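Colleague: Next come the chains, spelled out residue by residue.
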Amino acid sequence: MTEEPVLEMRGIRKEFPGVVANDDVSFDVRKGEVHALLGENGAGKSTLMTILYGLYKADAGEILLHGKPVVFGSARDAINAGIGMVHQHFMLIPVMTVAENIVLGMEPRDKIFLDERAAESRVAALSEQFGLAVDPSALVSTITVGQEQRVEILKALFRGADILILDEPTAVLTPQEAGELFGIVRSLKADGKSIIFISHKLNEVLEIADRITVLRRGKKVETVPREGATEESLARAMVGREVLLRVEKTPAQVGDVLLSVKDLHVVDERGIPKVRGLSLDVHAGEIVGVAGVDGNGQTELIEAITGLRRIESGTIEVAGKAHGARSPREMLDAGVGHIPEDRQRRGLVLEFSIGENVSLHDYSKEPDSKWGWLYPKRMLERAGRLIKEFDVRGGGPETRAGALSGGNQQKVVVAREVDRDPKVLIAAQPTRGLDVGAIEFLHRRLVGERDEGRAILLISLELDEIFSLSDRILVMYEGEIVGEHTGEVSEQEIGLEMVGAGKKDTEETAA
Amino acid sequence: MSEVASTPEPPEQPQGDAATLASSVAAKQRAGGVIVPVLTAVIAFLIGGLVVLATGHNPLAAYHDIFNGAGLNWIFHPTTDVANTAAYNLSQTLLQTTSLILCGLAVAFAFRCGMFNIGGQGQYFIGLYVANWLGWSFAGMSPLPHVLIAVVCATAAGAAWAGIAGVLKATTGAHEVITTIMLNWIAIWVGEWLFGDGGPLQNSANKTVPISNDIAAGARLPVFWGQQQLQGLHVGFFVAIAALVVFYLILNRTTLGYEVRAVGFNPDAAAYGGISVRKNLIRAMAISGAFAGLAGALDMLGYLYHFGQSDIPVSQVGFLGIAVALLGRNTAVGVGIASLLFGALLFGTTHGLSAGSSSIDPSLAGNLTYIIQGLVVLFVGADVLVLSVWNARKKVRRRGGGSAAARAEAPA
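Chains G and C, in that order, give the protein sequences. Residue numbering for the first sequence is 855 to 1365, as defined by my numbering. Residue numbering for the second sequence is 579 to 990, as defined by my numbering.
None of these hints come from the bench; they were simulated from the model. If you're wondering where the values come from, they're calculated on a predicted model, not measured in any experiment. Heads up, some of the hints might be wrong.
Under the rule of at most 20 Å between Cα atoms (straight-line distance), these lysine to aspartate or glutamate pairs were calculated in the DMTMM-like manner [stated by the list, open to error]: (1) Lys-1073(G) to Glu-869(G); (2) Lys-857(C) to Glu-869(G); (3) Lys-857(C) to Glu-1184(G).
Could you build the full structure based on these sequences and the hints that come with them?
Modeller: Put into structure tokens, the structure is as follows:
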């Protein structure tokens, strides 16, 4: 690693109407270095990188490549200068093969037609060189998200990128895929590539980066080497104050069983069994965390308990009363609150105001309505109260939910669910995609709700979250509970159970 | 807490994509405001003017004549005397406006629930047939119950007709655009049979004409402006205005409207909220059909009085309702204004002009309305496109940034 930067951004300023997105930000990358750009949502990370990639024009400041000033008028200029960017949302054409996607726009030609064989062999060579395993002849529609990301990286490398910008690359990946991505990043680095790694996750930044630049409110806070940086110090720089990364909670005061699921069987749309004879109990005043790799029936389990999906067999009891879970309405009225895993697809009507969203479950009851007649003022009053209580920023009761940031959207969802005073609260991925400040708030709130005596079922793909919140941990694998832990347990142990390695033992002990 | 919370929300990255028809249009409307529909209409008129110019006439003179032909010059010298040409023309424009409002609402209501009701014409026909049948069937009944029975049954028939498409969508997932178009054709051919030789609704006195009986005098709606013999403006006009108010109130002030809008914007979230999506698809479609069926009833009882085979292919009001709803942005006020515009065009380019006007090519009279209708539909579709391109260019968001990059990369 040389100390001379390959790329330098000096005094970058970018203003949008009413907002300064970047204010005098300086940033540089060296050859063979992973430089992380860390900051909360809206701190200006993406703006800075879109300027570098030629999509925005900076209002002030300059960009130097190998010490020479350059001006990028478009992404094409940036690509020609050896800069590649992998966006958070991939831009691949699903009906084309991996190789076709990669060579798109600079295809090797056999006279006038695409030379498919040449394309595939060049892609294969490239993927071997950097250890990015993908099948060049596979259709993009048939590959996994993790592979799609590799295709995007290969696309950038194929265009000769020496500097690679990865925008929140782990946001869409499973923990396993994230691990593989880190391996790829290391091999790219060993090959002399420079990588700019945009993230708001402290642990992964500490794992992969050589240097870390923290942005806050459009300004650079500091650039530090990884050595000496800790999660606490980075969180403080990001948020601007001390942050409690550990959730403070007292031991659970466990009460009666409020949610009891027995021998539940659920199938997915295609009729494939997803929940297979699952049983679990959640008591008042405890948080039960369900750990598991995505796709092991968690979604179907939640949908069954909330009445969104028909159950094949088994029983669901809420506070001792059996329910057929025939409709979401039945379960809502039975006292089940639900923070859905996808707040934008399911948790909110983005075009509705906060007021209308807060009434999503109760619009047909008093005081929101009477005899079918709606009282919008009362909805807005309630929203106003909840906005205060949950510290929702960025709008009032009449603001469109879609205009809020992710963290504030989630606060609206949680406020609505908690305000109905549910006996059971299902929290699915409650902090996915949120920044440190919002996560801290929501975690504290969940523990608070537990202390109120609610039974909380937490389903999360983030082991950290499971560990820091749960009083009891269940591990779900292929539609069954394969492990249960109340005391001390290591991440490795849970991790093994998550991939089915612990299953044999449980079956043997049971037999 | 306050420190964190004041971390910059802006540059706000509002989360979420416009997923459904209703929500994507709502997103575009926010970006365009009221300017865009007004601009849409203006551009449609400009291009319509070019067409007039191409036929060798002066567009300004043509539009001036259309304006007067529609009776809009009445506002400069108002009089209630329909012997006055302007007053008469205006009453005829408002007659057209009446059914346009209801057919526009028929499209708009379904749209707010996320569906595109192309079947307004068929639902209108069904309402019209039923009103005709009941209108002459109970001759001698006292007027008020007679009118009420005919109107209520015709409205219900329109609702049932559209409800078929709703049920098909809710149970089998059949797309409402396809089913409502097919239902239009069924309604048309049912009409051909009803009024044709030996058909059940064919004239009982004269078995040789494919025209229905005239409805009973008692079933005719009172005319409040002009004379019944001269096709005066009937009280159905006020019913249409009331329907605009009802449309607004249902959508914004009732739990039914809340459900309709929730399903229209985001069916997944609606289901999560405890709303039955299927029930709402069927119900919203039926309410849409009720508006169109009511339009048919008011036209029949208000001024048509009879209907025949040859009238079927001429009737376009249900299709014009699509343009009305699109231009009016599926809101009550918008539909009202767009209906007046199209009503004026419809009458102004035909009868209003026919009095020896030389400002427009005779072959263009009447058809100009349809040219402008087509342009409006085209531009309303296109303004969604234009706005999204414009926005992507203007501010590169997370996703927008990506697609801009993709565009920059693509041409090589």
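Colleague: Now tell me if each hint is right for this structure.
Modeller: Quick rundown of the hints versus the structure:
1. Lys-1073(G) to Glu-869(G): holds (12 Å)
2. Lys-857(C) to Glu-869(G): Given pair Lys-857(C), Glu-869(G) is violated - Cα atoms ~48 Å apart, limit 20 Å.
3. Lys-857(C) to Glu-1184(G): Roughly 16 Å separates the two Cα atoms, so the pair holds.
Going down the numbered hints, you'll see the structure goes against just number 2.
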